[in-house]
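S.K.: With the hints as your guide, set chain B onto chain A.
These are the residues of each chain, in order.
Protein chains: 2
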Amino acid sequence: MIPNGLCIGLDVDIDKFPQHLRGNINAIVEFNKEIIASTREYASAYKANSAFYEQYGVEGVKALYETRKLVGSHYFILDAKRGDIGNTSRAYAIAAFNDMGADALTVSPYMGEDSVKPFLNFPNKCVYVLALTSNAGSSDFQRLSVGGEPLYKKVIQTAMQWERVSELGFVVGAMHPSEMRELRGEFPDVPFLIPGIGAQGGDVQQLVRANYKGPALFNASRSILYSGNGSDFAEKARNEAKKIWDELKIA
Amino acid sequence: MIPNGLCIGLDVDIDKFPQHLRGNINAIVEFNKEIIASTREYASAYKANSAFYEQYGVEGVKALYETRKLVGSHYFILDAKRGDIGNTSRAYAIAAFNDMGADALTVSPYMGEDSVKPFLNFPNKCVYVLALTSNAGSSDFQRLSVGGEPLYKKVIQTAMQWERVSELGFVVGAMHPSEMRELRGEFPDVPFLIPGIGAQGGDVQQLVRANYKGPALFNASRSILYSGNGSDFAEKARNEAKKIWDELKIA
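From first to last, the protein sequence lines stand for chains A and B.
Each step along the first sequence adds one to the number in my numbering, with nothing skipped, and position 108 is 108.
Each step along the second sequence adds one to the number in my numbering, with nothing skipped, and position 160 is 160.
So here's chain A without its partners, still in its complex pose:
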């Protein structure tokens, strides 16, 4: 079952690491280990975006696998936005769910049903399909009107009809509280993964109200990870995580 609450995004960037670890590819696992240990209490889930590991080549991918192990029994989302033709998506699903042991994976809907279906065949796993993302470019195609409705809504409506064994949720960015409110009217019980609080600037209170207590993980990454740059970085991260956790609880 997907938990609700705060999701911490482990978006590693060795150039933003605290002084004593800065620039060191071999410190990725150590950095994540301290962050995870100090924030577990407030995190319902951890999310690793594959890109930030892949940018460091094979060593980075190794560190991603190690990081997944460190997350342990906490819920682990691989944010990789995968999607391809059927047998290829199946290979991505095996990589994420079987090899890495991710609990959930983000998937792009652009290629349609047979590109998402292979991900939906895994019991006790969750697929978050991109709907309305947190970036400005979300208006380029996701908001285009198809038959009187925006494409992102059509994506949700269509995907909800697909046969599935896995759980199904959607990515809805924190920058869109009014659209969130509207979506919750139509889909009150559908799990949302909500990136963009913290550094990307989404207003937590407004957002939580717009979500009407629907099942949701609210993700913050950089604002937590890089709130300190000294040897007390993990403690600073913990304080920042608690702050957001409190906001989510009060709202």
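No lab work stands behind these hints: they were computed from the structure.
Any given hint could turn out to be false.
List time: in silico BS3-like cross-link candidates among lysine-lysine, alpha-carbon distance up to 25 Å [claimed, not checked]:
{"#": "1", "chain 1": "B", "residue 1": "Lys16", "chain 2": "A", "residue 2": "Lys117"}
{"#": "2", "chain 1": "B", "residue 1": "Lys62", "chain 2": "A", "residue 2": "Lys69"}
{"#": "3", "chain 1": "B", "residue 1": "Lys69", "chain 2": "B", "residue 2": "Lys33"}
{"#": "4", "chain 1": "B", "residue 1": "Lys62", "chain 2": "B", "residue 2": "Lys33"}
{"#": "5", "chain 1": "B", "residue 1": "Lys236", "chain 2": "A", "residue 2": "Lys153"}
{"#": "6", "chain 1": "A", "residue 1": "Lys62", "chain 2": "B", "residue 2": "Lys69"}
{"#": "7", "chain 1": "B", "residue 1": "Lys16", "chain 2": "B", "residue 2": "Lys236"}
{"#": "8", "chain 1": "A", "residue 1": "Lys243", "chain 2": "A", "residue 2": "Lys213"}
{"#": "9", "chain 1": "A", "residue 1": "Lys62", "chain 2": "B", "residue 2": "Lys62"}
{"#": "10", "chain 1": "A", "residue 1": "Lys153", "chain 2": "A", "residue 2": "Lys213"}
{"#": "11", "chain 1": "A", "residue 1": "Lys125", "chain 2": "A", "residue 2": "Lys153"}
{"#": "12", "chain 1": "A", "residue 1": "Lys213", "chain 2": "A", "residue 2": "Lys242"}
{"#": "13", "chain 1": "A", "residue 1": "Lys69", "chain 2": "A", "residue 2": "Lys242"}
{"#": "14", "chain 1": "A", "residue 1": "Lys16", "chain 2": "B", "residue 2": "Lys117"}
{"#": "15", "chain 1": "A", "residue 1": "Lys236", "chain 2": "A", "residue 2": "Lys213"}
{"#": "16", "chain 1": "B", "residue 1": "Lys69", "chain 2": "B", "residue 2": "Lys242"}
{"#": "17", "chain 1": "B", "residue 1": "Lys236", "chain 2": "B", "residue 2": "Lys69"}
{"#": "18", "chain 1": "A", "residue 1": "Lys236", "chain 2": "A", "residue 2": "Lys33"}
Examples of chain A residues lying across from chain B (beta carbon under 7 Å, computed) [as the list claims (entries may be wrong)]:
{"#": "19", "residue": "Glu59"}
{"#": "20", "residue": "Asp84"}
{"#": "21", "residue": "Asp99"}
{"#": "22", "residue": "Ala136"}
Label-pair ranges, simulated between beta-carbon atoms [claimed, not checked]:
{"#": "23", "chain 1": "A", "residue 1": "Pro188", "chain 2": "B", "residue 2": "Arg40", "range": "56 to 66 Å"}
{"#": "24", "chain 1": "B", "residue 1": "Asp232", "chain 2": "A", "residue 2": "Ala136", "range": "53 to 63 Å"}
{"#": "25", "chain 1": "B", "residue 1": "Pro188", "chain 2": "A", "residue 2": "Pro215", "range": "30 to 40 Å"}
{"#": "26", "chain 1": "B", "residue 1": "Asp232", "chain 2": "A", "residue 2": "Ser73", "range": "45 to 55 Å"}
{"#": "27", "chain 1": "B", "residue 1": "Pro188", "chain 2": "A", "residue 2": "His74", "range": "25 to 35 Å"}
{"#": "28", "chain 1": "B", "residue 1": "Asp15", "chain 2": "A", "residue 2": "Lys69", "range": "26 to 36 Å"}
{"#": "29", "chain 1": "B", "residue 1": "Asp15", "chain 2": "A", "residue 2": "Gly72", "range": "27 to 37 Å"}
{"#": "30", "chain 1": "B", "residue 1": "Asn239", "chain 2": "A", "residue 2": "His74", "range": "25 to 35 Å"}
{"#": "31", "chain 1": "B", "residue 1": "Trp162", "chain 2": "A", "residue 2": "Gly230", "range": "36 to 46 Å"}
{"#": "32", "chain 1": "B", "residue 1": "Asn121", "chain 2": "A", "residue 2": "Asp13", "range": "40 to 50 Å"}
{"#": "33", "chain 1": "A", "residue 1": "Pro123", "chain 2": "B", "residue 2": "Asn229", "range": "28 to 38 Å"}
{"#": "34", "chain 1": "B", "residue 1": "Asn239", "chain 2": "A", "residue 2": "Gly72", "range": "44 to 54 Å"}
For each residue, glycine too, the CB sits at the ideal point set by N, CA and C.
M.R.: Structure of chain B alone, referenced to chain A:
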């Protein structure tokens, strides 16, 4: 510069390897080495789909990097269909273009301009944006009408307006010769990557005519790689590659 002609997709599947290599993860590089050596003469480019390597975990990713080296001075496309918010796409671009040294990368347009832009900042590299893919699911969203035109066409029109340093091309699947003909009317000089000939069944002659000698790479994967299952697999692959190469030339 992007070449034209036959692209060979190195879609590795150890369960389809020839008898003496079958099921052996450590044989991926050896398999690709023989395939590449025997087909170089007919291949204008090689394409590796990241999924087929990622499915074998860290060892698979290592084999992907090794495979890129084996391709050497031939044109190398990383087919990974990446795309994310700006700083994340930048990390994917670094992984593909700098770390791996790919000449081209496939990218998903769903998240819009700022998700594609970081890929477009690399001189002498090429970005293939997904337009109309080769799978049946391409009709679910890509063919939806937006303002009287199908979304896939809107994607091409929109992306062509984006500032860029990299070259820009589009993925148009081999299953859609009539749409290809129409697109060539509007975009005669835009590079297309055309997957789906061979195992996926696209008719080469019809397709080549529909392309009107526009700049294009026609990709075949499984039909070439797995045309033999004995120790002569590389020779069989060469014969199959030559067959398609002839068809492309004659058409």
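S.K.: Taking the hints in turn, state whether each one holds.
M.R.: Results for each hint:
1. B:Lys16 with A:Lys117: Between B:Lys16 and A:Lys117 the Cα gap is close to 23 Å, so the pair holds against 25 Å.
2. B:Lys62 with A:Lys69: Answer holds: B:Lys62 to A:Lys69 is near 20 Å, not above 25 Å.
3. B:Lys69 with B:Lys33: Roughly 10 Å between the alpha carbons, so the hint for B:Lys69 and B:Lys33 holds.
4. B:Lys62 with B:Lys33: Cα-Cα ~14 Å, so holds.
5. B:Lys236 with A:Lys153: 48 Å, violated
6. A:Lys62 with B:Lys69: Roughly 20 Å between the alpha carbons, so the hint for A:Lys62 and B:Lys69 holds.
7. B:Lys16 with B:Lys236: 14 Å, holds
8. A:Lys243 with A:Lys213: 19 Å, holds
9. A:Lys62 with B:Lys62: Satisfied, since the Cα-Cα distance of roughly 10 Å is no more than 25 Å.
10. A:Lys153 with A:Lys213: Roughly 20 Å separates the two Cα atoms, so the pair holds.
11. A:Lys125 with A:Lys153: Measuring from Cα to Cα gives roughly 23 Å; hence the hint holds.
12. A:Lys213 with A:Lys242: 20 Å, holds
13. A:Lys69 with A:Lys242: Holds. A:Lys69 to A:Lys242 sits at ~23 Å (cutoff 25 Å).
14. A:Lys16 with B:Lys117: Judged against 25 Å, a Cα distance of about 23 Å means the pair holds.
15. A:Lys236 with A:Lys213: Cα-Cα ~28 Å, so violated.
16. B:Lys69 with B:Lys242: 23 Å, holds
17. B:Lys236 with B:Lys69: 23 Å, holds
18. A:Lys236 with A:Lys33: Status holds; Cα separation ~15 Å.
19. Glu59: 10 Å, violated
20. Asp84: 6 Å, holds
21. Asp99: A:Asp99 check passes; min Cβ-Cβ to chain B is 4 Å, inside 7 Å.
22. Ala136: 5 Å, holds
23. A:Pro188 with B:Arg40: 56 to 66 Å: Holds: the Cβ-Cβ distance is about 58 Å, inside 56 to 66 Å.
24. B:Asp232 with A:Ala136: 53 to 63 Å: 55 Å, holds
25. B:Pro188 with A:Pro215: 30 to 40 Å: 50 Å Cβ-Cβ, so the 30 to 40 Å window is violated.
26. B:Asp232 with A:Ser73: 45 to 55 Å: The hint (45 to 55 Å, Cβ to Cβ) holds, given that B:Asp232 and A:Ser73 are roughly 50 Å apart.
27. B:Pro188 with A:His74: 25 to 35 Å: Since B:Pro188 and A:His74 have Cβ atoms about 54 Å apart, the given range 25 to 35 Å is violated.
28. B:Asp15 with A:Lys69: 26 to 36 Å: 27 Å, holds
29. B:Asp15 with A:Gly72: 27 to 37 Å: 32 Å, holds
30. B:Asn239 with A:His74: 25 to 35 Å: 53 Å, violated
31. B:Trp162 with A:Gly230: 36 to 46 Å: 41 Å, holds
32. B:Asn121 with A:Asp13: 40 to 50 Å: 18 Å, violated
33. A:Pro123 with B:Asn229: 28 to 38 Å: About 34 Å separates the Cβ atoms of A:Pro123 and B:Asn229, which means 28 to 38 Å holds.
34. B:Asn239 with A:Gly72: 44 to 54 Å: Holds, at about 52 Å.
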